[in-house]
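**Q** Sequence:
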Amino acid sequence: MLKNKMKKLICGMTMCITVCSQMIFPQTAFAATKAAVEKAGEAFVAGMTETAEAEEVLSEEELRQQIVDFALQFEGNPYVYGGTSLTNGADCSGFVMSVFAQFGYSLPRVAADQYNQSAKKSVEDLEPGDLIFYGSGISHVALYIGNGQIIHASTSASGIKISNYDYEAPVGVGTYIEADGFFSE
Numbered sequence: 001m002l003k004n005k006m007k008k009l010i011c012g013m014t015m016c017i018t019v020c021s022q023m024i025f026p027q028t029a030f031a032a033t034k035a036a037v038e039k040a041g042e043a044f045v046a047g048m049t050e051t052a053e054a055e056e057v058l059s060e061e062e063l064r065q066q067i068v069d070f071a072l073q074f075e076g077n078p079y080v081y082g083g084t085s086l087t088n089g090a091d092c093s094g095f096v097m098s099v100f101a102q103f104g105y106s107l108p109r110v111a112a113d114q115y116n117q118s119a120k121k122s123v124e125d126l127e128p129g130d131l132i133f134y135g136s137g138i139s140h141v142a143l144y145i146g147n148g149q150i151i152h153a154s155t156s157a158s159g160i161k162i163s164n165y166d167y168e169a170p171v172g173v174g175t176y177i178e179a180d181g182f183f184s185e
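Under the numbering used here, the first residue of the sequence shown carries the number 1, and numbering increases by one thereafter.
Hints in this document: simulated from the structure, not taken from any laboratory. C-beta: ideal position from N, C-alpha, C; glycine also. Careful: at least some of the hints might be erroneous.
To be verified - With beta-carbon atoms standing in for the labels, derived distance ranges:
| # | residue 1 | residue 2 | range |
| --- | --- | --- | --- |
| 1 | V57 | P78 | 30 to 40 Å |
| 2 | G137 | E62 | 30 to 40 Å |
| 3 | S139 | F70 | 23 to 33 Å |
Make the full structure from the sequences, and use the hints.
**A** As structure tokens, this is what we get:
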């Protein structure tokens, strides 16, 4: 019992000395606090560096393939005019916009705007993950998946489907994927 009282007394005195010393010698207390924060900061930065180094960095080709693979899982889902839901239904531009959103891209909602804001390419330079645009005034967009094929939200009768890229004459090709993973205007 006496031992417990002694521990409490010593603990209380230590707290009092600590608080009082901070009031009497604020610069010393500040310096000690600053040193502790700096030391913790160094450990935090070291931890963040290790985390960043441990994260896998995708090549452009790997990113393109991941986008294509993600889009392919929605084949057979419904076409819904004005829709942006990959599962419940999307139109062509809503489909492309929603697929790219899953990878951190913010594409415009309308096919013509998607074309206008993309980096232009030729059909000869098509790569998986590029966008192909169709129709006068750019009224349709599809995602190129490779081997001469696209996936697109086609019509309410056929939904999201795979077609040959030249099922209709393309009027333009654009990309949002660059060597660093992101295209920025």
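**Q** Check the following: the C-beta atoms of V57 and P78 are separated by a distance inside 30 to 40 Å.
**A** holds, 36 Å
**Q** Evaluate the given range 23 to 33 Å for the C-beta pair formed by S139 and F70.
**A** For S139 and F70 the Cβ distance comes to about 25 Å; the hint holds.
**Q** Okay, G137 versus E62 on CB: inside 30 to 40 Å?
**A** holds, 35 Å
Figure legend: structure checked against the earlier numbered hints; every hint is met.
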